[in-house]
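S.K.: Take the sequences, apply the hints, and build the full model.
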Amino acid sequence: MTEVRIVPPPRSPMSSRPPPTSDPVRETASLQPPNCYRTRVKPGSLEYKEIERLLGSSTSRDIPLISQIEKIVSDALWDKYKSKKKSMTDELRIGENLNDRRLFIPCLSEDIEGIMRGNIHDCSISRILPKPFGPRYYFTSNASLCIQWCREYLAGSQVSLIVCQVLLGSSTQGSHGLKEFPRRHDGKFYDSLVDNIDDPSVFVIENIDQCYPAFVLDILYAATPVMETQAMLQGLIYLFICNTIDG
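Each residue of the sequence shown is one higher than the last, beginning at 1 in full-length UniProt numbering.
For the record, the hints were derived by calculation from the structure and aren't laboratory data.
Do not take every clue at face value.
The calculated lysine to aspartate or glutamate pairs, modelled on EDC-like cross-linking and capped at a C-alpha distance of 16 angstroms, are [unchecked claim]:
hint	residue 1	residue 2
1	K86	E96
2	K80	D209
3	K131	D195
M.R.: Right, here's the structure in full:
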(Lines of atoms letter the chains of each structure in order from A; the text may use other names.)
(Lines give C-alpha, C1' and ligand atoms only; values in the text may rest on other atoms or scores of the structure.)
Protein backbone atom coordinates (compact mmCIF):
# COMPACT_ATOMS: atom_id res chain seq x y z
CA MET A 1 0.00 0.00 0.00
CA THR A 2 1.48 3.31 -0.99
CA GLU A 3 1.61 6.23 1.38
CA VAL A 4 -1.43 8.47 1.19
CA ARG A 5 -0.79 12.19 1.13
CA ILE A 6 -2.91 13.70 3.87
CA VAL A 7 -4.37 17.03 2.87
CA PRO A 8 -5.97 19.57 5.21
CA PRO A 9 -9.74 19.33 5.64
CA PRO A 10 -11.84 21.73 3.60
CA ARG A 11 -12.31 25.22 4.90
CA SER A 12 -15.56 25.85 6.68
CA PRO A 13 -17.99 24.51 4.08
CA MET A 14 -20.18 27.59 4.24
CA SER A 15 -17.41 30.17 4.43
CA SER A 16 -17.92 30.72 0.72
CA ARG A 17 -20.10 29.50 -2.08
CA PRO A 18 -19.65 25.90 -3.27
CA PRO A 19 -16.55 25.60 -5.47
CA PRO A 20 -17.07 25.86 -9.22
CA THR A 21 -16.13 22.18 -9.54
CA SER A 22 -19.30 21.16 -7.72
CA ASP A 23 -22.96 21.04 -8.70
CA PRO A 24 -25.74 21.19 -6.08
CA VAL A 25 -27.39 17.85 -5.34
CA ARG A 26 -31.18 17.81 -5.32
CA GLU A 27 -32.21 17.35 -1.68
CA THR A 28 -35.38 17.65 0.36
CA ALA A 29 -34.26 20.83 2.06
CA SER A 30 -37.10 20.75 4.59
CA LEU A 31 -35.56 17.68 6.22
CA GLN A 32 -32.19 19.34 6.77
CA PRO A 33 -31.13 22.22 9.03
CA PRO A 34 -29.80 25.40 7.40
CA ASN A 35 -26.44 25.17 5.64
CA CYS A 36 -26.56 21.39 5.35
CA TYR A 37 -26.43 19.83 1.89
CA ARG A 38 -24.32 17.85 -0.57
CA THR A 39 -22.56 18.96 -3.73
CA ARG A 40 -21.34 16.74 -6.55
CA VAL A 41 -17.60 16.88 -7.08
CA LYS A 42 -16.76 17.28 -10.74
CA PRO A 43 -14.76 14.37 -12.23
CA GLY A 44 -11.27 15.52 -13.15
CA SER A 45 -11.18 18.32 -10.58
CA LEU A 46 -8.33 18.49 -8.06
CA GLU A 47 -10.64 17.48 -5.22
CA TYR A 48 -11.99 14.52 -7.20
CA LYS A 49 -8.48 13.31 -8.04
CA GLU A 50 -7.41 13.52 -4.39
CA ILE A 51 -10.26 11.27 -3.27
CA GLU A 52 -9.72 8.98 -6.24
CA ARG A 53 -6.05 8.56 -5.26
CA LEU A 54 -7.02 7.95 -1.64
CA LEU A 55 -9.39 5.17 -2.66
CA GLY A 56 -6.88 3.65 -5.07
CA SER A 57 -4.09 3.61 -2.49
CA SER A 58 -6.30 1.95 0.12
CA THR A 59 -7.66 -0.94 -1.93
CA SER A 60 -6.21 -4.08 -3.45
CA ARG A 61 -5.25 -4.28 -7.11
CA ASP A 62 -8.96 -4.56 -8.00
CA ILE A 63 -9.82 -0.88 -7.64
CA PRO A 64 -13.56 -0.16 -7.59
CA LEU A 65 -15.05 2.26 -10.08
CA ILE A 66 -16.35 5.54 -8.70
CA SER A 67 -19.88 6.31 -9.81
CA GLN A 68 -19.86 9.74 -8.19
CA ILE A 69 -18.32 11.71 -5.33
CA GLU A 70 -20.37 14.10 -3.22
CA LYS A 71 -19.01 16.63 -0.75
CA ILE A 72 -20.91 17.01 2.50
CA VAL A 73 -21.54 20.57 3.66
CA SER A 74 -22.72 20.80 7.27
CA ASP A 75 -21.95 23.93 9.27
CA ALA A 76 -23.14 22.39 12.53
CA LEU A 77 -20.82 19.37 12.29
CA TRP A 78 -17.96 21.47 10.96
CA ASP A 79 -18.18 23.89 13.89
CA LYS A 80 -18.05 21.01 16.38
CA TYR A 81 -15.08 19.50 14.55
CA LYS A 82 -13.21 22.84 14.52
CA SER A 83 -13.88 23.37 18.22
CA LYS A 84 -12.58 19.89 19.07
CA LYS A 85 -9.55 20.41 16.85
CA LYS A 86 -8.71 23.64 18.69
CA SER A 87 -9.03 22.04 22.12
CA MET A 88 -6.82 19.12 21.07
CA THR A 89 -4.29 21.52 19.53
CA ASP A 90 -4.11 23.51 22.77
CA GLU A 91 -3.22 20.32 24.67
CA LEU A 92 -0.45 19.16 22.33
CA ARG A 93 2.95 18.62 23.86
CA ILE A 94 6.23 19.31 22.08
CA GLY A 95 6.74 16.79 19.28
CA GLU A 96 3.08 15.75 19.15
CA ASN A 97 0.63 16.36 16.32
CA LEU A 98 -3.10 15.98 15.73
CA ASN A 99 -2.62 13.04 13.35
CA ASP A 100 -5.48 14.25 11.15
CA ARG A 101 -6.42 11.42 8.77
CA ARG A 102 -8.91 10.74 6.02
CA LEU A 103 -10.48 7.36 6.80
CA PHE A 104 -13.37 5.24 5.51
CA ILE A 105 -16.63 3.89 6.88
CA PRO A 106 -19.39 2.02 4.99
CA CYS A 107 -22.83 3.56 4.89
CA LEU A 108 -26.30 2.65 3.66
CA SER A 109 -27.60 5.26 1.25
CA GLU A 110 -30.70 5.88 3.35
CA ASP A 111 -28.49 6.87 6.31
CA ILE A 112 -26.68 9.73 4.57
CA GLU A 113 -29.29 12.36 5.45
CA GLY A 114 -29.11 11.43 9.14
CA ILE A 115 -25.32 11.47 9.11
CA MET A 116 -25.33 14.97 7.63
CA ARG A 117 -27.48 16.13 10.56
CA GLY A 118 -26.08 14.12 13.45
CA ASN A 119 -22.71 12.66 12.35
CA ILE A 120 -21.85 8.98 11.98
CA HIS A 121 -23.58 7.70 15.11
CA ASP A 122 -26.71 7.85 12.92
CA CYS A 123 -25.17 5.22 10.60
CA SER A 124 -27.14 1.97 10.98
CA ILE A 125 -24.27 -0.17 9.61
CA SER A 126 -22.03 0.92 12.49
CA ARG A 127 -24.44 -0.70 14.93
CA ILE A 128 -23.89 -4.17 13.46
CA LEU A 129 -20.22 -4.03 12.47
CA PRO A 130 -17.76 -6.02 14.62
CA LYS A 131 -16.58 -3.90 17.55
CA PRO A 132 -13.68 -5.72 19.23
CA PHE A 133 -12.79 -2.65 21.32
CA GLY A 134 -16.29 -1.89 22.53
CA PRO A 135 -19.21 0.24 21.27
CA ARG A 136 -17.24 3.16 19.88
CA TYR A 137 -16.68 4.74 16.45
CA TYR A 138 -14.63 2.63 14.04
CA PHE A 139 -12.82 3.68 10.86
CA THR A 140 -10.39 2.04 8.48
CA SER A 141 -7.64 3.21 6.18
CA ASN A 142 -8.31 0.10 4.08
CA ALA A 143 -11.32 0.73 1.84
CA SER A 144 -11.23 -2.93 0.75
CA LEU A 145 -12.27 -3.86 4.29
CA CYS A 146 -15.43 -1.75 3.95
CA ILE A 147 -16.16 -3.05 0.47
CA GLN A 148 -15.72 -6.73 1.27
CA TRP A 149 -17.87 -6.48 4.39
CA CYS A 150 -20.69 -4.80 2.45
CA ARG A 151 -20.54 -7.32 -0.38
CA GLU A 152 -20.55 -10.23 2.06
CA TYR A 153 -23.31 -9.12 4.41
CA LEU A 154 -25.31 -6.43 2.62
CA ALA A 155 -25.89 -7.98 -0.80
CA GLY A 156 -28.59 -6.08 -2.64
CA SER A 157 -28.35 -2.99 -0.44
CA GLN A 158 -27.30 0.38 -1.78
CA VAL A 159 -24.02 0.97 0.02
CA SER A 160 -21.69 3.96 -0.14
CA LEU A 161 -18.34 4.79 1.42
CA ILE A 162 -17.95 7.90 3.52
CA VAL A 163 -14.55 9.57 3.71
CA CYS A 164 -14.24 11.09 7.18
CA GLN A 165 -11.71 13.61 8.42
CA VAL A 166 -10.68 12.16 11.78
CA LEU A 167 -8.57 13.69 14.56
CA LEU A 168 -6.66 10.69 15.92
CA GLY A 169 -4.31 12.59 18.22
CA SER A 170 -2.35 10.24 20.48
CA SER A 171 -3.11 6.56 19.82
CA THR A 172 -2.55 3.32 21.67
CA GLN A 173 -3.22 -0.37 21.07
CA GLY A 174 -6.83 -1.36 21.70
CA SER A 175 -7.83 -4.46 23.63
CA HIS A 176 -11.00 -6.39 24.39
CA GLY A 177 -13.17 -5.25 27.27
CA LEU A 178 -11.99 -1.65 27.56
CA LYS A 179 -14.51 0.33 29.60
CA GLU A 180 -12.61 3.56 28.96
CA PHE A 181 -9.61 4.63 26.92
CA PRO A 182 -6.24 4.00 28.62
CA ARG A 183 -4.37 6.90 30.19
CA ARG A 184 -1.04 8.23 29.00
CA HIS A 185 1.96 8.75 31.26
CA ASP A 186 0.83 12.31 31.93
CA GLY A 187 -2.55 11.07 33.19
CA LYS A 188 -4.57 12.22 30.18
CA PHE A 189 -6.64 9.79 28.16
CA TYR A 190 -5.47 8.64 24.75
CA ASP A 191 -7.45 10.18 21.89
CA SER A 192 -7.81 7.00 19.82
CA LEU A 193 -7.23 3.25 19.66
CA VAL A 194 -5.69 1.21 16.83
CA ASP A 195 -5.66 -2.47 15.94
CA ASN A 196 -1.89 -2.54 15.48
CA ILE A 197 0.39 0.15 16.86
CA ASP A 198 3.10 -0.52 14.25
CA ASP A 199 0.90 -0.86 11.16
CA PRO A 200 -2.65 0.25 11.99
CA SER A 201 -5.57 -0.17 9.61
CA VAL A 202 -8.47 0.11 12.08
CA PHE A 203 -8.90 3.28 14.13
CA VAL A 204 -11.32 3.94 16.98
CA ILE A 205 -12.43 7.17 18.64
CA GLU A 206 -14.77 7.82 21.55
CA ASN A 207 -15.63 11.48 20.97
CA ILE A 208 -17.79 11.90 17.86
CA ASP A 209 -16.65 15.53 17.44
CA GLN A 210 -13.22 14.19 16.38
CA CYS A 211 -14.90 13.17 13.12
CA TYR A 212 -16.22 15.22 10.21
CA PRO A 213 -17.95 13.19 7.45
CA ALA A 214 -16.53 14.94 4.41
CA PHE A 215 -17.32 12.96 1.24
CA VAL A 216 -19.77 10.32 0.04
CA LEU A 217 -18.46 7.84 -2.54
CA ASP A 218 -20.87 5.83 -4.67
CA ILE A 219 -18.83 2.96 -6.09
CA LEU A 220 -19.25 0.13 -8.56
CA TYR A 221 -17.41 -3.06 -7.67
CA ALA A 222 -17.81 -5.63 -10.44
CA ALA A 223 -16.69 -8.92 -8.96
CA THR A 224 -15.03 -11.81 -10.76
CA PRO A 225 -14.85 -15.35 -9.27
CA VAL A 226 -11.24 -14.69 -8.29
CA MET A 227 -12.16 -11.47 -6.56
CA GLU A 228 -15.12 -13.14 -4.84
CA THR A 229 -12.83 -15.81 -3.43
CA GLN A 230 -10.27 -13.25 -2.33
CA ALA A 231 -12.92 -11.11 -0.64
CA MET A 232 -14.38 -14.13 1.15
CA LEU A 233 -10.98 -15.21 2.44
CA GLN A 234 -10.19 -11.69 3.63
CA GLY A 235 -13.58 -11.49 5.32
CA LEU A 236 -13.07 -14.80 7.10
CA ILE A 237 -9.63 -13.71 8.29
CA TYR A 238 -11.05 -10.45 9.61
CA LEU A 239 -13.89 -12.21 11.43
CA PHE A 240 -11.43 -14.73 12.88
CA ILE A 241 -9.31 -11.89 14.27
CA CYS A 242 -12.39 -10.21 15.78
CA ASN A 243 -13.63 -13.47 17.31
CA THR A 244 -10.17 -14.18 18.71
CA ILE A 245 -10.09 -10.78 20.39
CA ASP A 246 -13.63 -11.24 21.73
CA GLY A 247 -12.74 -14.68 23.03
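S.K.: Work down the list of hints and note, for each, if the structure agrees.
M.R.: Hints and how they fare:
| no. | hint | result |
| --- | --- | --- |
| 1 | K86 with E96 | holds (14 angstroms) |
| 2 | K80 with D209 | holds (6 angstroms) |
| 3 | K131 with D195 | holds (11 angstroms) |
This entry satisfies every hint, going by the numbered hints stated previously.
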